[in-house]
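S.K.: Sequence:
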Amino acid sequence: MAGSVDENRGTTSAQLLRGQKALVTGANSGIGMATAVALGRAGADVVVNYVVGGDEAEKVVGQIKDFGVRAYAHEADVSDEDQVVAMVARMVEEFGTIDIMVANAGLQRDSAVLDMTLAQWQKVIDVNLTGQFLCAREAAKEFVRRGVVAEVSRSAGKIICMSSVHQIIPWSGHVNYASSKGGVGMLMQTLAQELAPQRIRVNAIAPGAIRTPINRDAWSTPEAEADLLRLIPYRRVGDPDDIANAVVAISSDLLDYVVGSTLYVDGGMTLFPGFATGG
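Counted the way my numbering counts, the sequence shown spans residues 97 to 375.
You can trust all of the hints, since none of them are fake.
Quick list of simulated restraints, FRET-style, between CB atoms: (1) ARG332 <-> GLU177: 37 to 45 angstroms; (2) PHE371 <-> ALA110: 36 to 44 angstroms; (3) GLU189 <-> GLN111: 20 to 28 angstroms; (4) THR373 <-> GLY243: 47 to 55 angstroms; (5) ARG114 <-> ASP313: 33 to 41 angstroms; (6) LYS161 <-> THR213: 40 to 48 angstroms; (7) GLU171 <-> GLN294: 27 to 35 angstroms; (8) ALA322 <-> ALA182: 42 to 50 angstroms; (9) PHE371 <-> ASP313: 24 to 32 angstroms.
Don't read these hints as lab results, they were simulated from the structure.
Cβ atoms here follow ideal geometry from the backbone N, Cα and C, with glycine treated the same way.
Make the full structure from the sequences, and use the hints.
M.R.: If you want it as C-alpha coordinates, here you go:
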(Lines of atoms letter the chains of each structure in order from A and count residues from 1; the text may use other names and numbers.)
(Lines give C-alpha, C1' and ligand atoms only; values in the text may rest on other atoms or scores of the structure.)
Protein backbone atom coordinates (compact mmCIF):
# COMPACT_ATOMS: atom_id res chain seq x y z
CA MET A 1 0.00 0.00 0.00
CA ALA A 2 3.01 2.28 0.27
CA GLY A 3 3.62 2.12 -3.47
CA SER A 4 0.72 4.21 -4.73
CA VAL A 5 -2.40 6.07 -3.74
CA ASP A 6 -5.71 5.33 -5.44
CA GLU A 7 -6.71 8.63 -7.01
CA ASN A 8 -10.40 7.64 -6.83
CA ARG A 9 -10.22 7.63 -3.05
CA GLY A 10 -9.66 10.74 -0.99
CA THR A 11 -11.41 14.06 -0.86
CA THR A 12 -14.86 14.39 -2.36
CA SER A 13 -14.56 18.20 -2.59
CA ALA A 14 -12.16 18.62 -5.50
CA GLN A 15 -10.00 21.73 -5.89
CA LEU A 16 -10.53 23.03 -2.35
CA LEU A 17 -6.94 24.23 -2.44
CA ARG A 18 -6.66 25.48 -6.01
CA GLY A 19 -3.69 27.80 -6.45
CA GLN A 20 -2.14 27.09 -3.05
CA LYS A 21 1.39 25.82 -2.42
CA ALA A 22 2.00 23.01 0.06
CA LEU A 23 5.06 21.34 1.54
CA VAL A 24 4.75 17.91 3.14
CA THR A 25 7.68 16.50 5.09
CA GLY A 26 8.29 12.77 5.12
CA ALA A 27 6.12 12.49 2.02
CA ASN A 28 7.66 9.50 0.25
CA SER A 29 5.60 6.85 2.09
CA GLY A 30 2.66 6.21 4.39
CA ILE A 31 0.66 9.14 5.72
CA GLY A 32 2.97 11.71 4.16
CA MET A 33 2.62 10.20 0.71
CA ALA A 34 -1.18 10.01 0.92
CA THR A 35 -1.29 13.59 2.18
CA ALA A 36 0.91 14.94 -0.60
CA VAL A 37 -1.22 13.22 -3.23
CA ALA A 38 -4.47 14.42 -1.63
CA LEU A 39 -3.24 18.01 -1.56
CA GLY A 40 -2.36 17.77 -5.24
CA ARG A 41 -5.78 16.30 -6.00
CA ALA A 42 -7.31 19.28 -4.19
CA GLY A 43 -5.49 21.68 -6.50
CA ALA A 44 -2.31 22.56 -4.61
CA ASP A 45 1.22 22.56 -5.95
CA VAL A 46 3.25 20.28 -3.69
CA VAL A 47 6.82 19.86 -2.49
CA VAL A 48 7.50 16.23 -1.56
CA ASN A 49 10.15 16.16 1.16
CA TYR A 50 12.13 13.03 1.97
CA VAL A 51 15.36 12.13 3.74
CA VAL A 52 15.76 8.62 2.31
CA GLY A 53 13.84 6.95 -0.49
CA GLY A 54 14.31 9.38 -3.35
CA ASP A 55 12.92 6.96 -5.93
CA GLU A 56 9.68 6.65 -3.98
CA ALA A 57 9.49 10.43 -3.64
CA GLU A 58 9.79 10.85 -7.40
CA LYS A 59 6.93 8.39 -7.90
CA VAL A 60 4.80 10.50 -5.58
CA VAL A 61 5.73 13.58 -7.60
CA GLY A 62 4.52 11.79 -10.73
CA GLN A 63 1.17 10.97 -9.14
CA ILE A 64 0.70 14.58 -8.07
CA LYS A 65 1.56 15.98 -11.50
CA ASP A 66 -1.16 13.77 -12.98
CA PHE A 67 -3.66 16.18 -11.39
CA GLY A 68 -2.33 19.03 -13.52
CA VAL A 69 -0.46 20.77 -10.71
CA ARG A 70 3.23 21.31 -10.08
CA ALA A 71 5.38 19.16 -7.81
CA TYR A 72 8.98 18.32 -7.09
CA ALA A 73 10.91 16.24 -4.56
CA HIS A 74 13.37 17.76 -2.11
CA GLU A 75 15.79 15.86 0.10
CA ALA A 76 16.21 17.40 3.55
CA ASP A 77 16.61 16.23 7.15
CA VAL A 78 14.01 18.18 9.14
CA SER A 79 16.17 18.03 12.26
CA ASP A 80 18.91 20.03 10.49
CA GLU A 81 18.23 23.77 10.67
CA ASP A 82 20.25 24.71 7.60
CA GLN A 83 18.53 22.07 5.48
CA VAL A 84 15.05 23.21 6.55
CA VAL A 85 15.89 26.85 5.84
CA ALA A 86 17.19 25.90 2.39
CA MET A 87 14.16 23.71 1.66
CA VAL A 88 11.65 26.48 2.34
CA ALA A 89 13.79 29.06 0.53
CA ARG A 90 13.87 26.87 -2.58
CA MET A 91 10.10 26.45 -2.45
CA VAL A 92 9.56 30.20 -2.27
CA GLU A 93 11.94 30.66 -5.19
CA GLU A 94 10.31 27.98 -7.36
CA PHE A 95 6.64 28.34 -6.40
CA GLY A 96 6.61 31.98 -5.30
CA THR A 97 5.43 31.29 -1.76
CA ILE A 98 4.13 28.65 0.64
CA ASP A 99 0.54 28.45 1.90
CA ILE A 100 0.46 25.09 3.70
CA MET A 101 3.15 23.42 5.79
CA VAL A 102 2.42 19.83 6.80
CA ALA A 103 5.04 18.87 9.39
CA ASN A 104 4.64 15.13 9.04
CA ALA A 105 8.14 13.60 9.20
CA GLY A 106 8.59 11.32 12.18
CA LEU A 107 10.22 8.14 13.39
CA GLN A 108 10.41 5.68 16.27
CA ARG A 109 13.35 4.22 18.20
CA ASP A 110 11.56 1.93 20.61
CA SER A 111 13.05 0.63 23.84
CA ALA A 112 12.21 0.02 27.47
CA VAL A 113 13.19 3.09 29.44
CA LEU A 114 15.88 1.26 31.42
CA ASP A 115 17.58 0.26 28.18
CA MET A 116 17.01 3.41 26.15
CA THR A 117 20.16 5.26 25.17
CA LEU A 118 20.48 9.01 25.03
CA ALA A 119 21.01 8.67 21.29
CA GLN A 120 17.67 6.85 20.91
CA TRP A 121 15.93 9.50 22.97
CA GLN A 122 17.54 12.44 21.20
CA LYS A 123 17.02 11.18 17.65
CA VAL A 124 13.26 10.95 18.14
CA ILE A 125 13.02 14.34 19.83
CA ASP A 126 15.19 15.94 17.13
CA VAL A 127 13.05 14.68 14.25
CA ASN A 128 9.56 14.52 15.75
CA LEU A 129 9.61 17.72 17.81
CA THR A 130 12.51 19.96 16.82
CA GLY A 131 11.86 19.19 13.16
CA GLN A 132 8.29 20.43 13.48
CA PHE A 133 9.47 23.60 15.22
CA LEU A 134 11.97 24.36 12.45
CA CYS A 135 9.46 23.72 9.65
CA ALA A 136 6.77 25.78 11.36
CA ARG A 137 9.14 28.66 12.03
CA GLU A 138 10.36 28.89 8.44
CA ALA A 139 6.85 28.65 6.99
CA ALA A 140 5.57 31.28 9.41
CA LYS A 141 8.27 33.72 8.31
CA GLU A 142 6.96 33.56 4.75
CA PHE A 143 3.32 33.76 5.88
CA VAL A 144 4.04 36.95 7.83
CA ARG A 145 6.07 38.45 4.98
CA ARG A 146 3.34 37.81 2.41
CA GLY A 147 0.21 38.30 4.47
CA VAL A 148 -3.29 37.32 3.42
CA VAL A 149 -4.01 37.01 -0.30
CA ALA A 150 -7.80 37.01 -0.27
CA GLU A 151 -8.28 35.36 -3.64
CA VAL A 152 -6.16 32.40 -2.48
CA SER A 153 -7.22 31.87 1.14
CA ARG A 154 -8.83 33.66 4.05
CA SER A 155 -5.71 32.98 6.13
CA ALA A 156 -2.10 34.00 5.61
CA GLY A 157 -1.02 30.40 5.94
CA LYS A 158 -1.69 27.04 7.53
CA ILE A 159 0.62 24.86 9.62
CA ILE A 160 -0.50 21.30 10.29
CA CYS A 161 1.50 19.43 12.90
CA MET A 162 1.27 15.65 12.59
CA SER A 163 0.85 14.37 16.11
CA SER A 164 -0.54 11.04 17.41
CA VAL A 165 -3.04 9.66 19.87
CA HIS A 166 0.07 9.38 22.06
CA GLN A 167 -0.13 13.12 22.44
CA ILE A 168 -2.45 12.17 25.32
CA ILE A 169 -2.17 8.36 25.70
CA PRO A 170 0.95 7.15 27.57
CA TRP A 171 2.83 4.37 25.76
CA SER A 172 5.05 2.07 27.76
CA GLY A 173 8.19 1.10 25.88
CA HIS A 174 7.99 4.23 23.71
CA VAL A 175 8.81 7.05 26.12
CA ASN A 176 10.77 9.01 23.52
CA TYR A 177 7.99 8.84 20.93
CA ALA A 178 5.15 9.61 23.35
CA SER A 179 7.12 12.50 24.84
CA SER A 180 7.78 13.92 21.38
CA LYS A 181 4.10 13.82 20.49
CA GLY A 182 3.06 15.32 23.81
CA GLY A 183 5.48 18.10 23.01
CA VAL A 184 3.99 18.51 19.55
CA GLY A 185 0.61 19.17 21.15
CA MET A 186 1.92 22.06 23.24
CA LEU A 187 4.13 23.30 20.40
CA MET A 188 1.05 23.51 18.19
CA GLN A 189 -1.07 25.33 20.78
CA THR A 190 1.64 27.84 21.60
CA LEU A 191 2.37 28.53 17.94
CA ALA A 192 -1.36 28.96 17.33
CA GLN A 193 -1.69 31.43 20.18
CA GLU A 194 1.29 33.47 19.01
CA LEU A 195 0.59 33.43 15.28
CA ALA A 196 -3.20 33.73 15.12
CA PRO A 197 -3.11 37.56 15.21
CA GLN A 198 -1.16 37.37 11.94
CA ARG A 199 -4.02 35.29 10.50
CA ILE A 200 -1.92 32.12 10.55
CA ARG A 201 -3.80 28.96 11.48
CA VAL A 202 -1.89 26.24 13.35
CA ASN A 203 -3.56 22.91 14.11
CA ALA A 204 -2.62 19.29 14.66
CA ILE A 205 -3.84 15.97 13.32
CA ALA A 206 -3.51 13.04 15.73
CA PRO A 207 -3.74 9.68 13.94
CA GLY A 208 -4.60 6.49 15.73
CA ALA A 209 -3.72 3.09 14.31
CA ILE A 210 -3.03 3.57 10.59
CA ARG A 211 -1.82 0.96 8.10
CA THR A 212 1.66 2.29 7.41
CA PRO A 213 5.12 0.70 7.22
CA ILE A 214 6.13 2.17 10.60
CA ASN A 215 3.60 -0.02 12.48
CA ARG A 216 3.23 -2.99 10.14
CA ASP A 217 3.74 -5.51 12.96
CA ALA A 218 0.59 -4.23 14.67
CA TRP A 219 -1.79 -5.16 11.83
CA SER A 220 -0.02 -7.42 9.31
CA THR A 221 -1.43 -10.72 10.64
CA PRO A 222 -5.04 -11.59 11.54
CA GLU A 223 -4.00 -12.21 15.14
CA ALA A 224 -2.19 -8.89 15.45
CA GLU A 225 -5.06 -7.00 13.86
CA ALA A 226 -7.58 -8.64 16.19
CA ASP A 227 -5.56 -7.48 19.19
CA LEU A 228 -5.36 -3.98 17.77
CA LEU A 229 -9.08 -3.76 17.03
CA ARG A 230 -9.84 -4.26 20.72
CA LEU A 231 -8.41 -0.77 21.22
CA ILE A 232 -10.54 0.79 18.46
CA PRO A 233 -14.28 1.21 19.16
CA TYR A 234 -14.99 1.75 15.44
CA ARG A 235 -13.51 -1.70 14.75
CA ARG A 236 -11.31 -0.96 11.78
CA VAL A 237 -7.70 0.04 11.30
CA GLY A 238 -7.29 3.38 9.59
CA ASP A 239 -5.78 4.01 6.18
CA PRO A 240 -3.42 6.83 5.21
CA ASP A 241 -6.25 8.42 3.21
CA ASP A 242 -8.18 8.92 6.45
CA ILE A 243 -5.44 11.26 7.61
CA ALA A 244 -4.84 12.83 4.21
CA ASN A 245 -8.50 13.82 3.90
CA ALA A 246 -8.38 15.43 7.34
CA VAL A 247 -5.32 17.45 6.32
CA VAL A 248 -7.04 18.72 3.17
CA ALA A 249 -10.12 19.73 5.12
CA ILE A 250 -8.27 21.53 7.89
CA SER A 251 -6.07 23.29 5.31
CA SER A 252 -9.09 24.65 3.46
CA ASP A 253 -11.22 27.71 4.10
CA LEU A 254 -14.07 25.39 5.05
CA LEU A 255 -12.40 25.18 8.47
CA ASP A 256 -11.00 28.71 8.55
CA TYR A 257 -12.18 29.30 12.14
CA VAL A 258 -10.37 26.23 13.49
CA VAL A 259 -7.24 27.45 15.27
CA GLY A 260 -5.12 25.68 17.89
CA SER A 261 -7.07 22.42 17.77
CA THR A 262 -6.03 18.79 17.61
CA LEU A 263 -8.23 16.63 15.39
CA TYR A 264 -8.07 13.01 16.53
CA VAL A 265 -8.52 10.66 13.57
CA ASP A 266 -8.45 7.40 15.47
CA GLY A 267 -11.69 5.42 15.22
CA GLY A 268 -12.35 6.29 18.85
CA MET A 269 -9.07 5.01 20.30
CA THR A 270 -8.90 7.99 22.65
CA LEU A 271 -12.33 7.13 24.12
CA PHE A 272 -10.75 4.67 26.58
CA PRO A 273 -12.49 1.59 25.12
CA GLY A 274 -11.55 -0.50 28.16
CA PHE A 275 -14.29 1.35 30.02
CA ALA A 276 -16.98 0.71 27.39
CA THR A 277 -18.61 -1.93 29.59
CA GLY A 278 -18.09 -0.12 32.86
CA GLY A 279 -14.33 -0.65 33.27
